[in-house]
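Q: If you want the building blocks of each chain, they are given just below.
There are 2 protein chains.
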Amino acid sequence: MLSVIVAGAMPRIGTAADLSAMALPPPKTEGGKPLMEALKARHSTREFADRQLAPQMLSNLLWAAWGINRPQSGLRTAPSSQACMDIDLYLAMANGVWIYNPKTHSISQLMPDDVRGETTTGQDYVKTAPLNLIYVSDAARMKNPSGPERALTGIADSAVIGQNVYLFCASEGLGAVLRASVPGAKLAQRLNLKPTQAIYFAQSVGYPKG
Amino acid sequence: MLSVIVAGAMPRIGTAADLSAMALPPPKTEGGKPLMEALKARHSTREFADRQLAPQMLSNLLWAAWGINRPQSGLRTAPSSQACMDIDLYLAMANGVWIYNPKTHSISQLMPDDVRGETTTGQDYVKTAPLNLIYVSDAARMKNPSGPERALTGIADSAVIGQNVYLFCASEGLGAVLRASVPGAKLAQRLNLKPTQAIYFAQSVGYPKG
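Quick note, the sequences are listed as chains A and B, same order. The first sequence: position 23 = 43 (the working numbering), numbered continuously. The second sequence: position 198 = 218 (the working numbering), numbered continuously.
Just so you know, the hints here were simulated from the structure itself, not pulled from any lab data. Computed from a predicted model, the values in this text were never measured in an experiment. Wrong hints could be hidden among the right ones.
Identical chains share a label here; the pair holds if one copy fits it or two copies do between them.
[Unchecked claim] In silico PhoX-like links for lysine-lysine, alpha-carbon gap of 20 Å or less: (1) LYS229 - LYS147; (2) LYS163 - LYS214; (3) LYS60 - LYS123; (4) LYS48 - LYS60; (5) LYS48 - LYS123; (6) LYS229 - LYS163.
With the sequences and hints as input, model every part of the structure.
A: In structure tokens, the structure reads:
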């Protein structure tokens with residue numbers, strides 16, 4: 021049986037037939053620092069403490085990053101080009117690789133492997149950061165899936181989510197760094213991505229050291 | 021004499037010898053909606069009321085977008101690839117095109133022309149939105165100014181600032197839309213940009229209609 025513990029017990033959902041899905045606590049969609057103070061505190065962190073994110077924190081972070089903020093339309097906290105919603109958030113943690121499902125606000129395990137060290141072209145801090153978000157852009161959802169629009173959409177749609185994560189971390193005393201230093205093609209192969217999927221960015225998240 | 025009035029009287033700085041510079045009121049870097057509520061309210065707006073942004077609002081918006089949040093280092097509210105700070109924020113308003121100077125928190129007039137309608141490939145609402153931000157990326161500031169890194173840096177570094185603007189607008193009851201529908205090369209020529217400068221995004225901002 022795969023380990024599905026992120027940082028404490030959480031209820032299981034799903035069946036053995038699908039990916040191992042795990043419900044997250046409902047996100048707290050109120051509170052946080054006043055926006056201007058979150059902006060004042062935003063910065064990049066490249067040293068992380070050996071401390072996991074609690075399930076509620078992970079839940080809030082994922083909602084802030086790319087959650088549904090308008091349930092009727094399914095639209096999100098970040099924009100995407102022509103509302104194509106090309107981005108899937110993959111979570112590389114010590115206990116495996118997970119995919120965020122905004123509709124059910126749950127995460128599903130893709131594989132039990134710890135691939136954190138494979139999300140970087142060399143930075144040591146990445147290997148032990150409790151969470152490395154991997155931004156996976158799927159051209160199959162785009163209206164213009166080829167040419168310069170493909171990359172522009174994937175890059176921009178990753179970056180806006182990355183800024184949500186930065187601000188959430190600034191608000192909650194977490195550290196984060198958005199990284200283009202990702203071995204995109206190699207990591208895509210490792211994650212068994214489809215040819216239409218591409219990785220431009222990853223983002224390390226955790227508590228700052230010290 | 022060029023008009024330097026945005027929406028009410030503001031003190032002039034600078035001389036006739038340089039660009040016509042205009043001080044902004046100091047930004048209010050506290051307050052705003054709690055972050056999670058700003059994220060809940062984030063959305064794209066494509067219809068704007070015929071109402072200008074007050075100088076204080078413009079000041080706060082520019083600081084939130086791309087202001088200096090760590091005066092000692094000059095670092096900003098948004099990240100940029102390898103801290104190259106390639107982005108200059110140009111403001112297309114009825115009274116001309118202006119450039120934001122984060123170090124002095126002022127704007128300088130580049131030309132008195134109203135080019136708002138030239139920042140779009142066809143959307144009517146752009147022509148009358150009180151503010152169209154133009155994201156100008158300068159490869160001369162990049163460590164890797166050619167190849168795929170050039171576009172990746174310019175696109176991502178624009179998008180993260182664009183998300184700051186979205187959240188500021190959500191916090192303040194303003195509307196915004198980040199647009200890749202920009203005639204980049206033609207607009208670059210119109211603004212007399214250098215060959216190293218490129219435009220990937222613009223963002224219309226104003227009060228929502230109705």
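Q: What are the numbers of the hints that this structure violates, sorted from low to high?
A: 6
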